[in-house]
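Asks: From just these sequences and the hints, can you work out the full model?
Chains as they are written, first to last, in this note's numbering: chain U, 1 to 273; chain F, 1 to 258.
Hints were generated in silico from the structure; no laboratory data involved.
Bear in mind that the values here come from a model prediction, so they are computed numbers and not experimental data.
Heads up, none of these hints are tricks.
Derived coverage of chain U by chain F (criterion: at least 3 residues anywhere in the stretch with Cβ under 8 Å from a Cβ of chain F; other residues may be distant):
id, region
1, 38-45
2, 197-206
To list a few chain U residues with every Cβ distance to chain F over 12 Å, as calculated:
id, residue
3, 104
4, 156
5, 171
Ideal placement from N, C-alpha and C gives every residue a C-beta, glycine not left out.
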Amino acid sequence: MSRRINIKPYTALFRIRFTNALQYRTAAIAGIVTNFAWGFMLILAFSAFYDANPEASPMTFQQTVAYVWVQQAFIVMFFMWFFENSIFEDIESGQVSYDMVRPMDLYGRWFSMAAANRVARAALRCIPVLIVAFILPEPFRLALPGELGRLGLFFLSMALSVGVVVSFSMLIYISAFFTINGLGSRVVVASVGDFLAGAIIPIPFFPDTLRVLAELSPFGAMQNMPLLIFSGHLAGDALIRGLILQVFWLIVLLLAGRALMGRALKRVIVQGG
Amino acid sequence: MRLYIKYFSMHVRSQMQYKTSFFFTSLGMFLTAFSTLLSINFLFARFDSVGGFSHEEVLICFAVMMMAFSFAELFGRGFDLFPTLLGNGGFDRALVRPRNVIFQVLASQTVLTRFARIAQAGAVLAYAIPRSGIDWTWDKVMTLSLMIVCGAILFFSLFVVYAAFSFFTVEGLEFMNILTNGGLEHGRLPFGVYGDGVLKFLTYIVPLALVQYYPLLYLVDREDSIFYALTPVFALLFLLPCYGLFRFGLRHYKSTGS
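Replies: So this is what it looks like as structure tokens:
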């Protein structure tokens, strides 16, 4: 039996979600102002810490500045917190039964929806934040990586990290089949996960044991990697190891998600007509 | 007041019907706040001070802001959810009832899960107060209480501004988050460390520094004029323009229809 995967419906879906997300321009502008002010406050806070004791930091101030700006610019791509709420609603309302009769794999469908939404919103938001960050006075200015190769690795790692974030969130969407009111557990997972991913302070600032654990966990394969590559903190063997870990977690999470989805769909009971 | 207590107990009872949900949401609240606390501890494990403030002094600052914010949310959540109330026409119903509108919005929501954060803030205070090296005379105790009470009222005023804006935009405004959630998140450090520009803004425009930075200076004996201890009281003046803005919005209110 030959199994041909038709990719077209997924790209079409991706395009629809993308154009859809581009409609909310006012929301995007408000978001940009927020991201910018937020990033600026974070950098000022780090600057105050560096003033107190510049040697104590695992990252240079320049690297931290780059970390914060790129994080704020692509925040909707990296934070688990931005769940695709329509998926939860579909599961809770039973709407999902319609999706199940579509001639399209449900996992792939949700995956491309969630990924498209993140990429589209980030595409809209990142440019203004980056432009302002590039023209700010020193030392708050964002510096481009010196070599072109590093920029390429950054984009590669960013794509991988979106994959890891979305495939991890897929586990949470699918778990909504098993729990009726999952809001609480969602908040728990998102806040712990985002913290371990380096959303509040970069992973290099963690104490040693926790740092190693976070780096090896799927959370370390999220925003941590592209941001540290861009800022130039990560290089050489550590960089290659990190990229391999990203690929590893992406595959594991995809397989786990598919398996969980299979089990969940087997026990779905659709009531009424 | 009797009516408010009645509303409050009604919300309490209804939220207690879903115990698991209540538990998990509280846990989530607790962990979100806890990750901020952890980040402070991690940073202080590497750097010993920030802007001349010690770890314990910063913890007091963090706990005061979190407590103030959580109390504001506990009572003022109705204003936070106001855009929804406007959007679904629920506000029209409030307008035709023979009670004060603000009272009704105030009573429309209570979120008990905020107790998780209040408890955490209390625990941090209990840890930091004896270790901070501050000599807790009665005036310092008063200053600390003023910071919490006036801070809560200030955050509440910001929720009112947020609600007032939504009269004009119907939708919520994300940029207000930088003042409310941002005030909480960045208020973990004394506002003075963010530099002059930020401090001026937070003194004269949105007076968050009046409930946090200036009284903290008094607590740690960097300033000994009683004026610094009383700055939180001046922050209450901020409620007036906020209330005015809300009234202004109310006069211009057009229903979204049903």
